[in-house]
Amino acid sequence: MTKALKINKNAEQGIKEFLRFLLESGKVKGVFSLKKINKEGAVAYSLITDPKDLEDSVPFYPVMPVTAGSLLSRFTLKGSPDKPVVAVMRPCELRGFVELVKREQGSFENVFTISMTCGGVYPLDMAVDKKIEKNLPKYWDAVKKSEIPADVRTACKGCTEFKPYTADMTVDLVGNKDIDKQCIILLNTKNGESLADGMDAEFLEKKLDTKKLDVLLDKRAVEKKKLFDEIDKKMNGMDGLIDIFGRCIGCHGCMRVCPICYCKLCEFESPDSEYKPSNYNSELKKRGGVRVPPGTMYFQLGRLTHISISCVGCGACDDVCPVDIPVSTIFKKVGESVQKIFNYIPGKDVKESIPLVTFEKEEFIEFEE
Amino acid sequence: MVEDKEFMPKILAFLCNWCSYAGADLAGTSRLKYPPSILPIRVMCSSRIDPLFIIKAYLGGADGVLVAGCHPGDCHYEKGNYYTRRRFALLKKIFEELNMEPDRLMLSWISASEGHKYARVATEFTEKIKKSGESSVKNKIFL
Chain H
1 MTKALKINKN AEQGIKEFLR FLLESGKVKG VFSLKKINKE GAVAYSLITD PKDLEDSVPF
61 YPVMPVTAGS LLSRFTLKGS PDKPVVAVMR PCELRGFVEL VKREQGSFEN VFTISMTCGG
121 VYPLDMAVDK KIEKNLPKYW DAVKKSEIPA DVRTACKGCT EFKPYTADMT VDLVGNKDID
181 KQCIILLNTK NGESLADGMD AEFLEKKLDT KKLDVLLDKR AVEKKKLFDE IDKKMNGMDG
241 LIDIFGRCIG CHGCMRVCPI CYCKLCEFES PDSEYKPSNY NSELKKRGGV RVPPGTMYFQ
301 LGRLTHISIS CVGCGACDDV CPVDIPVSTI FKKVGESVQK IFNYIPGKDV KESIPLVTFE
361 KEEFIEFEE
Chain L
1 MVEDKEFMPK ILAFLCNWCS YAGADLAGTS RLKYPPSILP IRVMCSSRID PLFIIKAYLG
61 GADGVLVAGC HPGDCHYEKG NYYTRRRFAL LKKIFEELNM EPDRLMLSWI SASEGHKYAR
121 VATEFTEKIK KSGESSVKNK IFL
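Heads up: the protein sequence lines correspond to chains H and L, in order. Number 291 in this note's numbering belongs to position 291 of the first sequence; there are no gaps in the numbering. Number 42 in this note's numbering belongs to position 42 of the second sequence; there are no gaps in the numbering.
Next comes chain H alone, as it looks inside the complex:
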């Protein structure tokens, strides 16, 4: 049982009221949340300091323009805010931020987090022409019933980690039939409790209804297995990989939006990795041909070695791929198998080291020959 806050308004109005309380009481200086920028359904993350601007904020809007993890990293990279800020973000965004903090690319100092049991988000290309707006009633209906809303991101369909690990506060959404009437905010940490303290609302002892979460978990697990089996059939050695990645145009969009890819000077974008005439010549001599742009497989495999250990499965890469390569499914599948041998869950605990920067003296004996 944890302490919880019950606000008798629908989930979105409730959380906005809570955020307004935090701003007006001066407990936080700013709110980091999704905000509408027009009536067509375009939203963007914004840092809001004026309670009036909360009117247009849409903390639970089912779209992820850029992962909030990357954005918070940019926000806190060169120093934490001097006054507390509260960020509303999805569980995978929070996990991404935790991984970035482990890489010293951000800090939790003066940053409080509100997350939610997450129903998933729609692909970015639906954030135009009111496509998401029209879908909203169906979306919330599915969330209430612990179902997977139709047309959400592939990554969301198979996501089994929709409950946040480390959020200061968690809003109860999935399987909660009363989200039209009340907003339940669980206060997971001391920080969460002290922020909620003084709010004019009902305080109670509550925990998440695991039964209702499990209903969704089962459905997602089935979907995930289906996705993984499908991709596994295609990933049969180099031929399979060429089939999958052959249409890559080398835009590196997947890398840019990835919350784990943080390098400012990327190996794959360095002039050093550009092919010289001698490289082309030797390739032509050796193989009788060369793909242009070259190095697609090197890029994808290389990125797998860099980020698979920390892949949080947010699906941002899928969203931006202009040629619809199922990047997130592949990375999540490979990622999970790698994470398993290191017994590591990315984003679960900010104090736990990334497996590649630590070691045990006696381990992985089976890899030596």
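Cut-off 30 Å, straight-line C-alpha distance, at most; resulting in silico cross-link-like pairs (DSS-like, lysine-lysine):
{"id": "1", "chain 1": "H", "residue 1": "K233", "chain 2": "L", "residue 2": "K128"}
{"id": "2", "chain 1": "H", "residue 1": "K286", "chain 2": "L", "residue 2": "K130"}
{"id": "3", "chain 1": "H", "residue 1": "K348", "chain 2": "H", "residue 2": "K226"}
{"id": "4", "chain 1": "H", "residue 1": "K233", "chain 2": "H", "residue 2": "K340"}
{"id": "5", "chain 1": "H", "residue 1": "K102", "chain 2": "H", "residue 2": "K264"}
{"id": "6", "chain 1": "L", "residue 1": "K140", "chain 2": "H", "residue 2": "K286"}
{"id": "7", "chain 1": "H", "residue 1": "K340", "chain 2": "L", "residue 2": "K128"}
Simulated from the structure, these hints should not be mistaken for lab results.
Following the hints, put chain L in place on chain H, whose structure we already have.
For chain L alone, coordinates are given in the frame of chain H:
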């Protein structure tokens, strides 16, 4: 000349300066026999070997890649090879998961006094690669 037609793999070997390279040297000065399949590259420590090097070698058409360093606990830089082991495990798992011939990658600990072990590892790995045949990646254009 039947022998000429026999497939001799190209195996890229990353050897650490302090142990495995010295071990390979010892194998040579001891006149131990091992196949001419190994192309050694000396690195200061096995932890210098970025998994990207191995990927590049594999995509470049190497039939096998050997990573060798000091025995755990004997690293010249105290703990470099522990990191190597984790990185190698990660890379091998990725190869496995993509069904990409993980057996073409090998990790071995060879000390400066183990000329015999070097010759044995080189022979055994070469035999293993011979059985799997030439790397199919060699002739792929669209990488």
